[in-house]
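There are 4 protein chains.
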Amino acid sequence: MDEVLYRVIYGDTDCGGVMYYAHYMRLFEIGRTEYLRKRGLSYRAVEEEKGLILPVVEVSARYKASARYDDLLRIKTRLLEAKSYKVVFGYEILRDEDLLVEGHTTHVAINREGKVMRFPRDLLEILLK
Amino acid sequence: MDEVLYRVIYGDTDCGGVMYYAHYMRLFEIGRTEYLRKRGLSYRAVEEEKGLILPVVEVSARYKASARYDDLLRIKTRLLEAKSYKVVFGYEILRDEDLLVEGHTTHVAINREGKVMRFPRDLLEILLK
Amino acid sequence: MDEVLYRVIYGDTDCGGVMYYAHYMRLFEIGRTEYLRKRGLSYRAVEEEKGLILPVVEVSARYKASARYDDLLRIKTRLLEAKSYKVVFGYEILRDEDLLVEGHTTHVAINREGKVMRFPRDLLEILLK
Amino acid sequence: MDEVLYRVIYGDTDCGGVMYYAHYMRLFEIGRTEYLRKRGLSYRAVEEEKGLILPVVEVSARYKASARYDDLLRIKTRLLEAKSYKVVFGYEILRDEDLLVEGHTTHVAINREGKVMRFPRDLLEILLK
Numbered sequence: 113m114d115e116v117l118y119r120v121i122y123g124d125t126d127c128g129g130v131m132y133y134a135h136y137m138r139l140f141e142i143g144r145t146e147y148l149r150k151r152g153l154s155y156r157a158v159e160e161e162k163g164l165i166l167p168v169v170e171v172s173a174r175y176k177a178s179a180r181y182d183d184l185l186r187i188k189t190r191l192l193e194a195k196s197y198k199v200v201f202g203y204e205i206l207r208d209e210d211l212l213v214e215g216h217t218t219h220v221a222i223n224r225e226g227k228v229m230r231f232p233r234d235l236l237e238i239l240l241k
Numbered sequence: 113m114d115e116v117l118y119r120v121i122y123g124d125t126d127c128g129g130v131m132y133y134a135h136y137m138r139l140f141e142i143g144r145t146e147y148l149r150k151r152g153l154s155y156r157a158v159e160e161e162k163g164l165i166l167p168v169v170e171v172s173a174r175y176k177a178s179a180r181y182d183d184l185l186r187i188k189t190r191l192l193e194a195k196s197y198k199v200v201f202g203y204e205i206l207r208d209e210d211l212l213v214e215g216h217t218t219h220v221a222i223n224r225e226g227k228v229m230r231f232p233r234d235l236l237e238i239l240l241k
Numbered sequence: 113m114d115e116v117l118y119r120v121i122y123g124d125t126d127c128g129g130v131m132y133y134a135h136y137m138r139l140f141e142i143g144r145t146e147y148l149r150k151r152g153l154s155y156r157a158v159e160e161e162k163g164l165i166l167p168v169v170e171v172s173a174r175y176k177a178s179a180r181y182d183d184l185l186r187i188k189t190r191l192l193e194a195k196s197y198k199v200v201f202g203y204e205i206l207r208d209e210d211l212l213v214e215g216h217t218t219h220v221a222i223n224r225e226g227k228v229m230r231f232p233r234d235l236l237e238i239l240l241k
Numbered sequence: 113m114d115e116v117l118y119r120v121i122y123g124d125t126d127c128g129g130v131m132y133y134a135h136y137m138r139l140f141e142i143g144r145t146e147y148l149r150k151r152g153l154s155y156r157a158v159e160e161e162k163g164l165i166l167p168v169v170e171v172s173a174r175y176k177a178s179a180r181y182d183d184l185l186r187i188k189t190r191l192l193e194a195k196s197y198k199v200v201f202g203y204e205i206l207r208d209e210d211l212l213v214e215g216h217t218t219h220v221a222i223n224r225e226g227k228v229m230r231f232p233r234d235l236l237e238i239l240l241k
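First to last, the sequence lines map onto chains A, B, C and D.
So the first sequence is residues 113 to 241, counted in the numbering used here.
So the second sequence is residues 113 to 241, counted in the numbering used here.
So the third sequence is residues 113 to 241, counted in the numbering used here.
So the fourth sequence is residues 113 to 241, counted in the numbering used here.
There could be a bad hint or two in this list.
Partial selection, computed: residues in chain C whose CB lies under 10 angstroms from chain D [claimed, not checked]:
1) Arg138
2) Val158
3) Glu159
4) Glu161
5) Ile165
6) Lys176
Keeping only pairs whose Cα atoms sit at most 27 angstroms apart, straight-line, the calculated DSSO-like set for lysine-lysine is [claimed, not checked]:
7) A:Lys195 / A:Lys150
8) D:Lys195 / C:Lys176
9) B:Lys176 / B:Lys227
10) C:Lys162 / D:Lys176
11) B:Lys176 / A:Lys195
In case anyone wonders, no lab produced these hints; they're calculated from the structure.
Note that the structure is a prediction, hence the values are computed from the model and not measured.
In this text, a Cβ means the ideal position worked out from N, Cα and C, and glycines have one as well.
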């Protein structure tokens, strides 16, 4: 499972003293972007060269414990599913060995005209590396 | 089902030209806060007077169509479940009659010491109004 | 001076218990957008019909007191300057009669090719209404 | 001048295709936090051990060019002024050698009772390192 570190800033927290629940979706985004980059693929290149965007069609998150200001979090990302019409990433957000949040996002591939496409085989192969 | 309006600002959108997927959780928050307020209860009062916070322990969203800059959205909120240990809100985000996003959040009640509590009966009764 | 109301949500606050300093720029955006709308002009229409964007080239804010969760804020916006090459909006964020934050943004007009343009006379006239 | 890197995510951008103007204040926060950390001081420790918060009382930014999705930005931070009653940080946001945004934040020191205090001498000495 791939991992990237993230330092919680003031702007991520809320007046409950912990990270605001929506901001974990930013961490999910960081996780999947770095997952692609480690496989030699930037998401920007997918957009620009393949003319595809991979929008989120579904997200879920379960919050087990709270991240606090200045915590150094570990964003772990893995591919849960890679089919021709959808791809699912799974995420775990940890502080040291404590699992704080787990979630997933489901993506489809859409071309410049807004039409849902099959994921290109070479893209799936890179994801499955 | 309760409804509140929300105007999409530039700061809600991303370079894909649509509302960033995490920002819908802000709308979910607006929805449930106004749901409480219409029943005569401010979430701030729940915190201050009852000494309870109602953190989100689970969220999900399904994205069917995109909200764009300056769209006037309708946030519809209803109570899906109200048990002594958890409460579930359901949300629909619409533009005119088009359903863009639907989701839910699950909440527990936690006291000032961080302990999970039963939802007070009077609070449940207000939610069920 | 034009006025629009804004309710502070959890997602606007930080672990200091008050609105995060960056989020006031969202309120400034709401203020100037509604300033235009009251004069019969949507910013989206400026972009789409005139082919102009009006990016912020300068912002400043002075924080005098803190907005808190659930506060109902008043965003007051006025035009401070309208020249052919730049427009300056001034903002005041108040809670009841208390001034919390004041700021300004300076904008230029840029066409679809990214070139700085003069503000069209009809646009300046609408702003000056 | 201290430097820290930041990768622009989708959630930082807006439908104009560039980073939303408010989000640079998040980068300013990252810059000053890492400025402290490099001098052996975490801002969290200032809060917890000294009982001081250092709120922003003034911010300004000038936008010269736009950061785009996936850009790797350099956040340069330096101390512009350190007096007993206020501290000013200056920031430059660059992509490679191109200056995109420059800004500053002014801070005062406030104790747990909300009273403005002198900056402790040891804190000023660390800042001036």
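- Which hint numbers does the structure go against, in order from smallest to largest? Per hint list: 2, 4, 9 violated.
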